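With the hints as a guide, bring both chains together as one complex.
So the protein lines, in turn, are chains V and E.
So for the first sequence, the numbering used here puts the first residue at 31; every next one is plus one.
So for the second sequence, the numbering used here puts the first residue at 101; every next one is plus one.
Watch out, some of these pointers could steer you wrong.
Not everything, but these chain V residues come out facing chain E in the computed CB check (under 10 Å) [said to hold, decoys possible]:
hint, residue
1, 676
2, 687
3, 694
4, 960
5, 965
6, 969
These aren't lab readings, by the way, just hints derived from the structure by calculation.
On a predicted model such as this, the values are computed, not experimentally measured, just so you know.
A virtual CB, placed ideally from N, CA and C, is assigned to each residue, including glycine.
Next come the chains, spelled out residue by residue.
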Amino acid sequence: MNKKTLWKDTWREITNTKTRFLSIFAITLLGTAFFAGISATGPDMLDTARTYYAKYELMDLRVQSSLGLASKDEEVLANIPDATLQTHFTQDVIISDTGDAVKLFSFNSSAQEINQYSVEEGKLPTKVGEIALDASLENQENFIIGETLSFKTEDIPEDPTENLNYLSYEIVGFIKSPLYIENIARGNTQVGSGSLDGFGVIHEDNFSMDVKTEAFIQFDQPSESQLAYSTGYEESIEKKQAEIEKQLEPRQAGRQQEIRDEIQEEITKGQNELNEAKEELENAEKELQDAREELDQGWQDYEDGMDELENERDAGQTELDQGKVQIEENKRELDQQESELNQALAEIESGREELEETKLALGGSTPEIQQLEEELNAREISVRQGLNQIQQGKAEILQREQELTNAQAQLNFEIAQAKTELENARQDLEEGEQEYSEGKAEFDTEAEEARIEISEAEEDLEKAREEMADVPEAEFYVLDRTSNPGYSEFEDNSNRIASIAQVFPVFFFLLAALISLTTMTRMVDEGRNHIGTLKALGYSNGAIATKYFVYAFVATIMGSLIGLGIGYYLFPSVIFDAYGSLYNLPSVEINFFLNYSLISVFGALLATGGATIVAVRVALRANAATLLRPKAPKKGKRIFLERIPFIWNHLSFTRKVAARNLFRYKRRMLMTIFGVAGCTGLILTGFGLSDSISDIADLQYGKINQYDAIVALNTDATEEELTEYEEKLNQNDSFEEKFSTYQNSITIENETETNQEGTLIVPKNPNDLSQFISLSDIETDEEYELTTEGVLISQKIAELHGYSKGDELTITNADNQATNYQIEGIFENYLGHLVYVHPTLYNELNEEEPEWNTDLLLLNDNVNEDELGESISSLDSILGITFISMVSDVFIGTLDSLGVVTIVLIVSAASLAFVVLYNLTNINVSERIRELSTIKVLGFYDKEVTLYIYRENLMLTLMGTVAGLGLGVLLHQYVLKTAELDQMMFSRIINYSSFIYSSILTFLFSSIVMIAMHYKLKHVDMIEALKTID
Amino acid sequence: MAYIEVKNEYKRYKSGETIVVANDGITFEVEKGEFVVIVGPSGAGKTTVLNILGGMDSADEGEVIIDGTNIVGFNEKGLTTYRRNDVGFVFQNYNLIANLTAKENVEMAAEISAHALDAETILKEVGLEHRMDNFPAQLSGGEQQRVAIARALAKQPKLLLCDEPTGALDFETGKQVLKLLNESKENYGATVIVITHNRAIAPMADRVIDINNAKVRDVKLNKQPLPVAEIEW
Ligand SMILES: Nc1ncnc2c1ncn2[C@@H]1O[C@H](COP(=O)(O)OP(=O)(O)OP(=O)(O)O)[C@@H](O)[C@H]1O
Ligand SMILES: [Mg+2]
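Chain E on its own, in the form it takes in the complex (with noise of 0.2 Å):
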């Protein structure tokens, strides 16, 4: 049994007269350790997975199986167990808390969760030793996402889910996020899912999947996934 495993997993929202399927009976699984990327147009349905996967919504139908455990059906509080002892994330836009420093933010993260690292550590990890007490309006986007994704590591997750966490950030930045990401999953065992626009990041991946309007077109499996300093985009 994998890691991972949604099957069948329907999503669908409904506003005003229309019900948008954002979701159509998703299946795919994941191994543990594997570091994912999903793929798909804008409006696929990948930030849904991804909530899904990460407790922060819950599907309408189907399984969602995370290590054994189906979270489909679970309460709130459940779902807040689980994200914060189990989920990391990372998002596009940082969502770092601004009146926290760099360390505070990674701190808050750790404070609460079972098993956490320690914040200095994990900020020396992402390279940012040197601005742990700064606050995040002193930071480059960069350097905000590394915090985020410090924060998000901090609490050693069984998941780490970044939806689109280079979104904002120029090549080389991006690169480096990318890099600290597929790092971390050696590093820290974390089984990381990263959503993307951007193909050609698709082959650093262990595991490609491909959705397009609410459904898994394709999951690739990289045998010999490239290194994020051989992909060029």
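Next up, chain V with everything else stripped away, as it sits in the complex (with noise of 0.2 Å):
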């Protein structure tokens, strides 16, 4: 046989068992497909976060600082050889409206390498009050561009004042940021619930922070941040983290020295300041004394002013009313010398008269009378003389009179003078008096206030002084890209398919060769005498193989290099998709794999060409006139079944044939059986995971929380605020039952596997918890108790970490600090870890009384949980409400997501069952032509010709069902510890619908198969069938 007859013979074997031919194709092309498909996925999916990485420049490290970044901290990491480094400013926010905590990062266009945002609407910002949002905010928000938002600046532990220009921004854009490739998870923060919400991109110039907060390093070599996830790349971070480490280590005394530095600078102007302020004060108390002297003088002054007066008044007076008496005296002297000189008048005159009288009555003077009237008249002119002197005494003392009278007034005057400057002296001390008491009082005020802010200052002064002695070394965290949110997770997801790649793909590999193997058996079975004849004509044994494995290497071929084809596009599109909704990646890139494809078609090529080899080599082993006389019909034999009359004899005959066919022919029906099983098995396996992902949505959410929603408080809350808050819920018509509780994020150590983060949390009444929260044994469903002997886990973390009970537990706070608990008990729970502790036990092992920082809410039926939300989201004592009914839709959007994996495998597994069964059936069906024929010839109508031979068939699938399904738990059980993430556990227990819709598909297969057997044996040409021979 040359190769050009070889090739036709192969051809028209080919084209005349279609069927055949194409059983093998096709079951290598669901093998290779199914392999190479999953198996690409994996590396798919990391190969598009990779390029994704490097389009935008993921940062290789990133460098945080305890102390913040100063510039000499940057000088270092800028030494960094063959880097590009890029710090920023961060600050994490609380929008006011919504109450989303978003990480705000500062950002300038020209110094963007590193973390490049992509744009998906609007643009990034480009001044001052503008920012640009996370991508994944504007649909949990419906934020919307335009919009103005702004931050809280109370009720939060870090006030953003402090550290932003401004407060409100205007959204201009939402973007995406290669930090986050998660759709959801945004990492943790002091602020609002724990958890970030998103993101947020403002300008550098809205910071008013002294140093970075944050620095990003990314390396030079391209090739690298191609490589991500490659154990390559994470050794070589490694070592530069190491590097980087060691040389920041000197700058953790540096930047303690140069904060201490600055603190004692300050403490220097503080102390001069307070200094001055002391003086200032001492200054002002001696100016109010002075002043208090000064008037005490002029009160003296004024005092002796006022005596003076009085004195000067009395004595002039005195003066003058001596001067008056004087007066008076001499004015009575004189009237008395006038009186007596008038009289002496009158006596002369009377003199005179009696002289005259004398002379007359004498007539004549004589010497006498004359001597006489000379006296008189000397006597005369003396007394007019004294009485000119008295008149002369008199104006004198007129004049005096005057003069007094004068005296008077101008004493009167001078005193009156007086008495007005000493009441001005008066008022002006009364003036100064008051302003004295006003100054003082001001001062003592002030000095009160001003030594009080003295102590103050002087305490805080000493504080700054013990803070200076405090500050501590910073410390300096360089943190690879697993820090950010996802990207572990991210491969962990891919590691995960890549295992499902080592599970399913095995088994449709075997049951490739299976096929592989039944079809080539029938093959050289139908062509014995073929084979006979082309040995009695002298061939040798290689040319008469070759054409066995040419069959089977084509078909192989063919289907394997369409598998391929089929298998690298469709596999990781369609479970990328799924991803889809839980990563914020572009489109899966669909890459051709060498190795894969090597594997698949050499693992298909050894499984049909080995399967070729068994098959051919006992015909080939046989001489010529053996395989040309008609292979002897194996024999009928007796089976156990007919030691039992009771059934045997009750049995059709159909029904006798089956029962013997089957353990007749016991290598096809243990193929069958394996072939149903297997295929049984995956189906069962899709389903099942689809179950165990499903289920914990209702498990998690109904069974075990029964609380409707949670209230995170804020720890800051007075107690007013806090009773506005009970108040409010009090009267909201929804609100049944409130239950106290202490939530806080947790690291749960282990020497051996790795951390794990999880919440701890302290009911404030544990007999109450039961009403809340369901904690019970997965497996006897026996609700547990809080005790104080120990903490309560989640089932999850106690297998990761391979905890039972009287385990000991040590788990870390935010702060680092370490506490050992002792395990009570494991409760099922399925999604984060979980550990519950008694509030006494808290408060024995922490030394304090846990914040009661989260309310878990009762909510009635007919619950309105917008009104509800918005009466008291509002309030100033709660960070935020979560209606469980929302994370629950959230959840199982996400899970439905990986349900798409499942449905790949359920679609995978259900289409491969179909191959098998059509190929076990067909070749069934084509062993046993001759005797379909003769049954139909003997007369047997259609259906029971295809009964006939489908009895059996039911039989096998039958037990192949029954199989598939312990298959299908165990593989189950596998893929599911495989395939589990961390933070979740899937529901261990596939649905009784699961093994009933398994076993349907099963056997609806089995029934499509059995139409399209039962049409084709309805055209079976019996006397062709009869008339040859085998």
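Printed below as a string of structure tokens:
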């Protein structure tokens, strides 16, 4: 047989036996598509992420410091060789209206080389007062471009006003960052509920901080960023990480000193200011004292003046009065003298008259009379003189009197003047007094204040001094990409798919080999005569076998090549699409993998080739004569069932035949059972996975968590604010009951396994816990009670870390304080790692009362969540309220995407099941075509003929299905273990319905195959079949 | 009207470009209860005629009237029913179901037939009462052929059609089988048609139909058929 005839013969064989060819083709197609596709999915996912990281220049390392990155720190970082450095400010804030916790990054378009943002909508901020928001927030909160948002400044631990110049921003765009490939997780924060809801980007100039908060480092080798997730990359980054940590080491103390110096400077300045203030105070006091003295002196002077005035006035008056008395005396004397003189005058007159009378009497003068007259005249003159003098004296007195009056007036005037002066002085004094007392009052209050201020300042200084002493060494954190939320998880996810790739395709290949074996065996059997003839003609074994190998290999290579094409495209696309809702990555990159291609093609060739060898070997070993004789039909044999006449005798022939055939063709029986079992197992695994995944939402939010809402409380809230909150709750129709807890993020440590992030929960009132959360044993369903003996932990963490009751559990809180607890029980839980601690135990071990920061609410059935949310979310006492219905909806949505993976499994397994069943049935039919033709000739109707063969198949399918269900349970457990996420526990239970679905699907395929076979049998050429001798 | 009337029956096979005319206007009659032998060279079209008579194949043209019913034009189901109730087949290579015992092979045919005979009785008739529970592989060729005949007779067919039933048997055994067939005509009132290459068998037949090159060349009636024992070849 030369090559040409061989090919002709082979080609004719292929066209003549399309079904057989197709079965090898189809099974290898399915096998390679599934293997290559599933295998490629993990690497493709990683590759997609890699390209994304490279495109957006994801940083390799991120450096943070507990004391901020000072310029000298930056210098150290800038000196790292072959690296790009980018520093920026960050600030965690809470958006006022929505309550979203957001990490703000500073942005400077010219300096943004690392972690470039991809703008989904709008633009990046170009000036102050603009913000570009995390695209994932857009959907969550319905933010719109052009809207303005502002940040909370109160009731949060870190007031953004200290670090930000502006607090309200206009939304200008929605962006994605390679830092956050996960759709939901944004990391943790000190503000809000503890986890970030998103990030935002604002212009650098909005920040008023002195030092940068974070530095990104990217190394120059571009190939490395391509190789993200590779061990080579991880090792090289680890080295660099260590190197940078080493370089930053001196800066730990250096930065400490810097801050101390800064504080010292402040202290000195403060001290100076304090001293000045003290001095000032003293001066003021002194001044006040002087003023007092001056006033007192004034008063003294005034008093003295008053006294003097009095004295002066009295003295003056006395003098005047004495003068007046003198004058009166003088007057009286003058008047007396005058009257005496006047009397003298009158006496003189009367003397004269007497003389005159005497004269007359005498009639003439006598000398004596003369003498007397002369004497009288003389006397008169002297009296007259005296009278004149008196007159003069009187005038003098008058003058004196005038003078006195004048003096009196003078005195009065002077006194009055002095009095006015004094009065003025007094008024001045009084004013002074007023001023003084005002001044004093002012001083007193001010001094009080000043003293308080001073003492405060002193305290502050003291504090500052203490603070200075307490300034810790700077702690530098050099974080690699695994610190990005979702970064590692994405790798885990792709690895999980890869681990599925290790389990399932093995089955596929086994089944493919099985199908090839049965098919090739049948082909060789049918070709016995042909082989014998060729042998008789003298062809070598090799030449004869070639046809079968060529036949098998053509089918295999065609099948596997097309399978590769389909697999490489279909599986990564579909699975990655499912993950699309979890990650904001671009669509998957389809890659060609030489290794998987070679493995799958050679694996398939090995399977079919091996099967061909097995099949051909027997035939080739036989001699031509034996081959030319028809193959001795398998002997009919009694089966054990016949020993039970009770059953056997009640079977109809067709059933008897079926029963006997089952046992007669053991190999076919086993193969069919195995094939069907494999397929059913795969289908059940698919359904089981779907159950396990979708059940957890119901279990977690239905069975375990009974509460309807979680309220995050503001631990700084006042009593009043808390009362208001409680009143508001009680007023609400929806509200039924509330349960106080303390919840905090913790790290659960383990020496051998990786540490896990979890939540510590301390219920305030452990006795009521079961009303809100059901903690029970997954096996026995027995409810646990929280005791002071130890803690209850969730099942997944127990499994991951290998804990059992009585073991010690080490957890550390955010401040890195470690606490050891004894494990008292392990409860059923599906989401997150939870540790429940009795409040008494918590107090005992932590020496502090837990802060009741989280309330769990029970709501009634006709709850209006929006209304309730609105009524309390604005309260200062609460940070936020979350409704479980929403959480569970979101969660179910997330799980749905995982469900796609299981659908891929189910569809793949189902198509495999179909091919396997079709093939096995086909071979069964072709092997027994003579028998079938015989009964056809005997007059069996088509239906009876089909049933004749199908009864067996049904039995085999039934057995295969039962075995498959068992196999599926095992496979399901295995896949669960490998495919589960750390933070999640899938339900270990496969629903009854899945068993039913898997069985029904298997039987459905069996029936479809039966229908196909029915039509095939109907058209079987019985004459032809009976004519051939086999 | 004869029990079987084949009139102007045509059968053509298309194989690739060429058309083979296997039956070219075949016409003959057979009376009820006759033992008929069809002879002719290889490729003459004997098997084709038999298949058409037995409802395993249908004629392209003409009429095939069995007991008054023209089966030409019957659909698949009609033909099956016809086979089921009225026809018994015996093949050169027995075509027993390997997985059933002799008795079960017979019962199997009986089970589906409207007026079947008891399997054990009929096996006794063919002389296999002691081999009833044996599987075909445990029986000799002749015994197998007898089982096949029993299977065919069990449903009391109107027609017993045998395509070279002795082809694979030695002389003695062949004669036994022929005897059995001959007897069944008497015992069960079946009309027996036997194809053979062996013209030596012809004398025992009531009617000998000679087919050559797709046409009936000759139909001979034996007034005095020879008993089987007297036939030699
Ligand atoms: N299914 C078929 N397709 C094509 N040709 C056929 C078919 N069946 C029969 N023939 C042809 O019809 C002719 C008659 O065949 P048939 O089997 O009736 O002959 P035969 O007389 O029974 O021969 P033999 O004595 O060898 O059995 C032959 O030439 C054969 O090649
Ligand atoms: Mg023939």
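Verification of the supplied hints:
For the restraint placing residue 676/V at the interface with chain E, the shortest Cβ-Cβ distance is roughly 18 Å, beyond the 10 Å limit, so the hint is violated. About 5 Å separates the beta-carbon of residue 687/V from the nearest beta-carbon of chain E, less than 10 Å, and the hint is met. The interface hint given for residue 694/V is met, as the beta carbon of that residue sits about 6 Å from the closest beta carbon of chain E, less than 10 Å. This hint holds: residue 960/V has a C-beta 7 Å from the nearest C-beta of chain E, less than the 10 Å allowed.
Interface restraint check: residue 965/V against chain E, minimum CB-CB distance 7 Å, threshold 10 Å, status holds. Satisfaction of the interface hint for residue 969/V is found here, the shortest Cβ-Cβ separation to chain E being roughly 3 Å, below the 10 Å cut-off.
Hint 1 from the list above is the single one not met by this structure.
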